[in-house]
Amino acid sequence: MKALLQKKRVLVCAGTGGVGKTTTSAVLALAAAQLGRRSVVLTVDPAKRLSTALGTDLSDTPRDLTLEVRPFLPDVKSFSAVVPDTHQTFLSLVESLAPTPALAARMVENPIFETLTREFSGANEYMALHRLSMLARDPQWETIVLDTPPSKNVAALLRAPELLGSLFEEKILKLLGSQSRILAAGIDKALQLLEHLTGAGFVRHLHDFVVSLNGMRENFVTSVEHLRHLLKSTDIAYVGIAAPTTSSLAELSALEVALREHGHPLAGIVLNRCMSELRWNGPIPPSFEPAAKWLQELQGKEAKLQAELSGRILLKLPERARDIQGLADLCDLTRSVGEFALG
Amino acid sequence: MQSKLRQKEGDLQLQKLIFFHGKGGVGKSFLALGLARALRDQGRSVLVATLDEPTLPPGDHLYPDEIPGFNCIPSIAFEEYIERTLKIPAITRILAKNTLIQLLAKVAPGIKEIVSIGKIWSLRDEHDAIVIDLPSSGYGLTLFHSVRNFMRLFGKGRSFEDSRAMLETLSDPNQVLHVLVTLAEEMPLVETDELRGLLVEQFPKANLLYAINRLLPLDPGPTPPLTRDDPRSAEAFLYGRAVQERENLGRFSWTASALRFWAGAPPAPVWRGFLES
Chain A
1 MKALLQKKRV LVCAGTGGVG KTTTSAVLAL AAAQLGRRSV VLTVDPAKRL STALGTDLSD
61 TPRDLTLEVR PFLPDVKSFS AVVPDTHQTF LSLVESLAPT PALAARMVEN PIFETLTREF
121 SGANEYMALH RLSMLARDPQ WETIVLDTPP SKNVAALLRA PELLGSLFEE KILKLLGSQS
181 RILAAGIDKA LQLLEHLTGA GFVRHLHDFV VSLNGMRENF VTSVEHLRHL LKSTDIAYVG
241 IAAPTTSSLA ELSALEVALR EHGHPLAGIV LNRCMSELRW NGPIPPSFEP AAKWLQELQG
301 KEAKLQAELS GRILLKLPER ARDIQGLADL CDLTRSVGEF ALG
Chain B
1 MQSKLRQKEG DLQLQKLIFF HGKGGVGKSF LALGLARALR DQGRSVLVAT LDEPTLPPGD
61 HLYPDEIPGF NCIPSIAFEE YIERTLKIPA ITRILAKNTL IQLLAKVAPG IKEIVSIGKI
121 WSLRDEHDAI VIDLPSSGYG LTLFHSVRNF MRLFGKGRSF EDSRAMLETL SDPNQVLHVL
181 VTLAEEMPLV ETDELRGLLV EQFPKANLLY AINRLLPLDP GPTPPLTRDD PRSAEAFLYG
241 RAVQERENLG RFSWTASALR FWAGAPPAPV WRGFLES
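Residue numbers (our numbering), protein chains in the order written: chain A, 1 to 343; chain B, 1 to 277.
Hint data in this document are derived by calculation from the structure and do not stem from the laboratory.
Computed from a predicted structure; not experimentally measured.
Just so you know, not all the hints are guaranteed correct.
[Unchecked claim] Here are the simulated lysine to any residue pairs, SDA-like style, with alpha carbons at most 25 Å apart:
1. A:K301 with A:G326
2. A:K301 with B:Q244
3. A:K293 with B:D230
4. A:K293 with B:A265
5. A:K301 with B:Y63
6. A:K304 with B:A265
7. A:K293 with B:Y63
8. A:K293 with B:R228
9. A:K304 with A:G263
10. A:K2 with A:I236
11. A:K304 with B:P64
[What the hints assert, rightly or not] Looking from chain A toward chain B, a few residues come up when the C-beta cut is under 10 Å (computed):
12. G17
13. L103
14. L266
15. G282
16. E319
17. R320
[Claimed, not checked] Label pairs and their computed distance ranges (CB to CB):
18. B:P266 with A:E95: 38 to 48 Å
19. A:P99 with B:E247: 50 to 60 Å
20. B:Q42 with A:H229: 57 to 67 Å
21. A:P99 with B:L123: 17 to 27 Å
We treat Cβ as the ideally placed atom computed from N, Cα and C, and that holds for glycine.
Extracted from the complex, chain A is given alone in its bound form (with noise of 0.2 Å):
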């Protein structure tokens, strides 16, 4: 774990929802910190009180927390954190890829644009690639660590570029771009049936915002290949997260498997929320017993878990009782990272 620390510029951190990335990822990179790195942790899906503690920036700055952590962990050098908003962060994408304002605007206004920026299910996962994308390019970053949003399959993460990037090459979106009035029998009758589905306002709008995209291309696939290609190289290092309470070795492997489908092994696994060092130093008082059955369980799980991971387990985080609830809990979970042996 710690060569990975100190190695690697970009580490990726993906797992499936509740074993706790976010936290992994704000550890990880105040573990980087503590190392003597400049790092920064891009969060993604926080609870309210986390994001209050790093600081909810909507101008997608990151913020400078050093001072705020040194009373807990003297020995960080720089540690800050990013909480994009996705619609704002579309906002600045669409901004600095628009040729002109006047077409930034009229993109903007689209009623297509508001709601594929909200809802589009790649949407969040393609701005957080792009705040990452942002963060490389900015020399100052020794170590960057991304919390990806919760999702079941993290490929659709990694190819969200591709997705995107696809949509420009859509024949039907370049003819429907075409300023000429003529078009194709064919796609004129698919046009028919579009506004007979959907109405007349709809079809004007994709068609003003197909027209409005066509003119972002070119900057938009040089972003996309820069996005790619970053994804790609050898300074990026893939982890996966994995907690005994949620986590089935089968929705790890899967995990892994569509990881290097797409060519990004994983360098390893973080085991968080473990129970494994909890003991009882008498004997169970009976009103304990249920809850400390299921203790039992979970520890019985985390082992499974951990031998047939063993050597892939890069570090083991302990559960805590008390919910992470700012810095001070999470410069204390980061010390426990020195007592799990950062091998």
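Place chain B on chain A using the hints.
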């Protein structure tokens, strides 16, 4: 024996559609299947429906215990919808399948959800109840949020009328029950609270039932254990966890009336108790 699902207005009736909402990892599918089993044990025919669940086979399938399932694939439902509603000749239909569907699926969020719910709704006469195990809510967005957006985008087309009819059904508390599944942890609770706000905003008369899953089976007394400063003490950990859970739940008034499912215990007795109350 007549039994019923609890209603806001207190009348005896079994809701047709029971939606299970929840964040990833809270145990939504586990509880949805638990309810399906309990209903089946009462002699009712139940179907458990999912929307494009990647870990399940497409279309009709069987869960363990022979519970019937239907994994709705949106593109198939959409094709069926186009054929059914547009009544267009074969050649144009082929064209429509290739270009329209691809295009719409990409640029119009909400279509998939509408046609999927519509498809599931069309199966209602074949079962006493349909339990819908919804995809995990990611950012507090609901399926139904998409439906509203869809209607906003599509103005006066045919789909608008269809979606409006569907929304009317979904708004009827006699026909629909929403189960919001959460854990006693902060993130799921906050998200459930947001989900609740969105649902109530869209369906003011909605029938909502809260289910708290994996609750620690421990009632912490007022006195913390002597080992409380030992970070490796199991007793201190469990005590602290139980206290934290109660604190978390106390932040939200709706948890008071929620169904409680204990960690490590089977859900059946809780569902049975609820159905018979």
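K293 (chain A) and A265 (chain B) were given as a pair; does the straight-line alpha-carbon distance stay at or below 25 Å?
11 Å, holds
Chain B contact restraint for L266 (chain A) - C-beta distance below 10 Å
At about 19 Å, which exceeds the 10 Å cut-off, the nearest Cβ of chain B leaves the hint on L266 (chain A) violated.
Does the CB of G282 (chain A) sit less than 10 Å away from some CB of chain B?
8 Å, holds
Decide if the proposed pair is consistent with the structure: K293 (chain A) and R228 (chain B), CA atoms, cutoff 25 Å inclusive.
With Cα atoms ~20 Å apart, K293 (chain A) and R228 (chain B) stay inside 25 Å; holds.
Can we keep the R320 (chain A) interface hint, with Cβ of chain B closer than 10 Å?
8 Å, holds
Just to be sure I understand the hint, the distance between the Cβ atoms of P99 (chain A) and L123 (chain B) should be within 17 to 27 Å; is that true here?
Because 50 Å falls outside the window, the suggested range is violated.
Pair hint outcome, K304 (chain A) versus P64 (chain B) [Cα-Cα no greater than 25 Å]
24 Å, holds
Checking hints one by one. Is G17 (chain A) an interface residue toward chain B, by the C-beta closer than 10 Å rule?
With Cβ-Cβ at 2 Å, under 10 Å, it holds.
Distance restraint between K293 (chain A) and Y63 (chain B), which requires alpha-carbon spacing of 25 Å or less
28 Å, violated
Does K304 (chain A) pair with G263 (chain A) here, judged by a C-alpha cut-off of 25 Å?
Violated - the C-alpha atoms of G263 (chain A) and K304 (chain A) are around 28 Å apart, more than 25 Å.
Hint consistency between K301 (chain A) and G326 (chain A) [alpha-carbon to alpha-carbon, up to 25 Å]:
29 Å, violated
Mind checking the alpha carbons of K304 (chain A) and A265 (chain B) for me, to see if they're no more than 25 Å apart?
21 Å, holds
The structure fails to meet hints 1, 7, 9, 13, 14, 18, 21 from the earlier list, while all remaining hints are met.
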